[in-house]
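One-letter residues, chain by chain:
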Amino acid sequence: MHAIEKILMKNSGKSTIQTGEIVNAKIDFAEINDLYLQTVYSFYEMGGKKVWDNTRCAFVFDHYAPCPDIKSAENHKAMREFALKNNLKYHFDTNTGVCHQVLAEAGLIYPGMIVVETDSHTTTQGAFGAMGTGCGATDMATILMTGELWFRVPEIIEVRLEGEAPKGVYPKDVILAVLGRVRADGAVYKAIDFTGSYVDALGVAGRMTICNMAVEMGAKTAYMQPNDAVLEFVEKRAVRPYEVQFTDKGYRYSESYVFDVSQLEPELACPSSVENVHTLRSVIAQGDVKLNQGYIGSCTGGRVEDIAEAAKILKGRHIPEYTRLVVIPASREVMLECITRGYITDLMNAGATISTPGCGACLGAHEGILAPGEVCITSTNRNFPGRMGSTEALMYLASPATVAASMVYGKITDPREFLD
Amino acid sequence: MQKVLTGKCIVIGDNIDTDQIYPGRFLAITDPKEIGSHCLCGVDENIAGTFPGGGFVVAGRNFGCGSSREHAPIALLNMGAVAVLADSFARIFFRNAVNLGLLPIICKGINQHVKAGQTLTLDIDAGTVKVEETGEVYQCEKLGDQAMKILEAGGIKPLMRARYSGQ
Numbered sequence: 001m002h003a004i005e006k007i008l009m010k011n012s013g014k015s016t017i018q019t020g021e022i023v024n025a026k027i028d029f030a031e032i033n034d035l036y037l038q039t040v041y042s043f044y045e046m047g048g049k050k051v052w053d054n055t056r057c058a059f060v061f062d063h064y065a066p067c068p069d070i071k072s073a074e075n076h077k078a079m080r081e082f083a084l085k086n087n088l089k090y091h092f093d094t095n096t097g098v099c100h101q102v103l104a105e106a107g108l109i110y111p112g113m114i115v116v117e118t119d120s121h122t123t124t125q126g127a128f129g130a131m132g133t134g135c136g137a138t139d140m141a142t143i144l145m146t147g148e149l150w151f152r153v154p155e156i157i158e159v160r161l162e163g164e165a166p167k168g169v170y171p172k173d174v175i176l177a178v179l180g181r182v183r184a185d186g187a188v189y190k191a192i193d194f195t196g197s198y199v200d201a202l203g204v205a206g207r208m209t210i211c212n213m214a215v216e217m218g219a220k221t222a223y224m225q226p227n228d229a230v231l232e233f234v235e236k237r238a239v240r241p242y243e244v245q246f247t248d249k250g251y252r253y254s255e256s257y258v259f260d261v262s263q264l265e266p267e268l269a270c271p272s273s274v275e276n277v278h279t280l281r282s283v284i285a286q287g288d289v290k291l292n293q294g295y296i297g298s299c300t301g302g303r304v305e306d307i308a309e310a311a312k313i314l315k316g317r318h319i320p321e322y323t324r325l326v327v328i329p330a331s332r333e334v335m336l337e338c339i340t341r342g343y344i345t346d347l348m349n350a351g352a353t354i355s356t357p358g359c360g361a362c363l364g365a366h367e368g369i370l371a372p373g374e375v376c377i378t379s380t381n382r383n384f385p386g387r388m389g390s391t392e393a394l395m396y397l398a399s400p401a402t403v404a405a406s407m408v409y410g411k412i413t414d415p416r417e418f419l420d
Numbered sequence: 001m002q003k004v005l006t007g008k009c010i011v012i013g014d015n016i017d018t019d020q021i022y023p024g025r026f027l028a029i030t031d032p033k034e035i036g037s038h039c040l041c042g043v044d045e046n047i048a049g050t051f052p053g054g055g056f057v058v059a060g061r062n063f064g065c066g067s068s069r070e071h072a073p074i075a076l077l078n079m080g081a082v083a084v085l086a087d088s089f090a091r092i093f094f095r096n097a098v099n100l101g102l103l104p105i106i107c108k109g110i111n112q113h114v115k116a117g118q119t120l121t122l123d124i125d126a127g128t129v130k131v132e133e134t135g136e137v138y139q140c141e142k143l144g145d146q147a148m149k150i151l152e153a154g155g156i157k158p159l160m161r162a163r164y165s166g167q
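Taken in order, these protein sequences are the chains called A and B.
This note's numbering puts the first sequence at residues 1 to 420.
This note's numbering puts the second sequence at residues 1 to 167.
Hints in this document: simulated from the structure, not taken from any laboratory.
As the structure is a prediction and not an experimental result, all values here were calculated from the model.
Even glycine gets a Cβ: it sits at the ideal position worked out from N, Cα and C.
Any given hint might turn out to be false.
Stated by the list, open to error - Derived PhoX-like pairs: lysine-lysine, alpha-carbon spacing no greater than 20 Å straight-line:
1) 142(B) with 130(B)
2) 157(B) with 50(A)
3) 157(B) with 49(A)
Stated by the list, open to error - Some chain B residues close to chain A (C-beta under 7 Å, calculated; not the full set):
4) 28
5) 67
6) 99
Unchecked claim - Residues from chain B that face chain A, not an exhaustive set, calculated with beta carbons under 10 Å:
7) 68
8) 87
9) 92
10) 144
This is chain A alone, in the form it adopts within the complex (with noise of 0.2 Å):
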């Protein structure tokens, strides 16, 4: 067995679990964010009354981190109404970050669990070994309500990274070339297993930024078995016991890919769509592609590591003028952790725009919106048009050091040019 199957049949209390079956399983936690006050309507048009324990649900307030207008203000005050009326243990308003770090962060993230969240890229958290897929509004409602939702068991697909990564090569890096071998759809309905001695040797941060992009392929969960970065991460925080599962020696995926990570190169994501992926060098090839904006942040490419990597070339840089620079650290502990290694003030030196933790930009609702016609970089997840706002504006996603190597010239760059 799968240890994503034993996570569900352990929830929802079998003996047994077949691909394909339907379960009923139990949520061991549910985060709601603040672009889903559907989620409150639903429930009191269902019949709910409390949720179903005060302890296993939260809002972060991340999408409107703070509030762009009267709309967007009205939403969180109802939220918070909710909130306070069932007297949630836990509430993370608009000074925390984007929801699935900030879970982690708090120690409601931890192996073996199923966490349900209302947001697509809640396979985020795989890189922990837990079970995270993201639901809408009403079937998060059914959670609060109930305490469980229905799954179909996936077919599990096996994406095996081995090898080591060369210079300039990230693990967003990693994750767009596979994008561009699995595509957009190449996981609809079903799970993705990253294994390979490349995930060994990865970090939290790194592990995070790949399991968050298998939604792009359409995977309903991502994992990746916990190695010891992650034990350290969740045994300092966990706020209950937790089990880790382990795959059965001999389990038969659905499919498999190998990928030698020592191979790859810098990726880019080109206009407008997640799997038009190619090499850094096969587009410079084609000539200049002018920037008006670069962005980093997001719960893609906005953590610590990231944000060093960015600082790290621009130091002592200085963007074009014309051209804006804009970044939004993943939560609050990410933003202090900059501050004090002086990340911030280098990235300021180099001119960049910092603005509050959350999702910002990254899907169009404020913070770095593009007018028709502008063309952005960007270390977030994706380029659909209209994704940062105009649908008349080109993105591409790459690495966050691509993103700032491409910010010293105000064209896309390679950042291995900046590297020693």
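With chain A held as given, fit chain B onto it using these hints.
Leaving out everything else, chain B in the frame of chain A:
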């Protein structure tokens, strides 16, 4: 639930993501009618205003990929769509659609054959789509038992209300 549905269709392409169905800048809106008025504006701003009520959206592969936003099926329903016929659907969109009573029907290759403005008849039990103008019939995949249970109840909300009023 009505098992045979007839209506006109629009035809769009592959990988129509939730940002194209319902862009992020409108996410704070909670009024369903207003949400419907912005439907598919990332594809073409004129779609919602001219959509044939009770009609079908015909699309390619991976419809509804991207965000978990329930605004996407809410927008489609309130624009007047009763079903989306596509090569494949993103998982969260599929669940959201079923929960709200919008039919997500897998009908492989259909967007290569039908034309915008044609009248289609979807027969859920037979698993077929007929183009009324030409008489052509396409096979679709039947919805699973779990999805049908929710759809036949009129969506997850009536199902949950029934479950909770009994307690």
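Hint check:
For the given pair, residue 142(B) sits about 15 Å from residue 130(B) by alpha-carbon distance, which is consistent with the 20 Å threshold. Taking the CA atoms of residue 157(B) and residue 50(A), the gap is near 17 Å; set against the 20 Å cutoff, the hint holds. Taking the CA atoms of residue 157(B) and residue 49(A), the gap is about 14 Å. The hint holds against a cut of 20 Å. Checking residue 28(B) against chain A: minimum C-beta separation of about 4 Å stays under 7 Å; hint holds.
Because the beta carbon of residue 67(B) sits about 5 Å from the nearest beta carbon in chain A, less than 7 Å, this interface hint is met. Given the 7 Å rule on beta carbons, the hint for residue 99(B) holds: about 5 Å separates it from the nearest Cβ of chain A. A cut of 10 Å between beta carbons decides the hint on residue 68(B): the least distance to chain A is about 4 Å, and the hint holds. For residue 87(B), the interface hint holds, since its Cβ comes within 10 Å of a Cβ in chain A; the closest pair sits about 9 Å apart.
Of the supplied interface hints, the one on residue 92(B) holds, with its beta-carbon coming within about 5 Å of a beta-carbon of chain A, less than 10 Å. For residue 144(B), the interface hint holds, the least distance from its beta-carbon to any beta-carbon of chain A being 8 Å, beneath 10 Å.
Every hint, counting from the list given before, is met by this structure.
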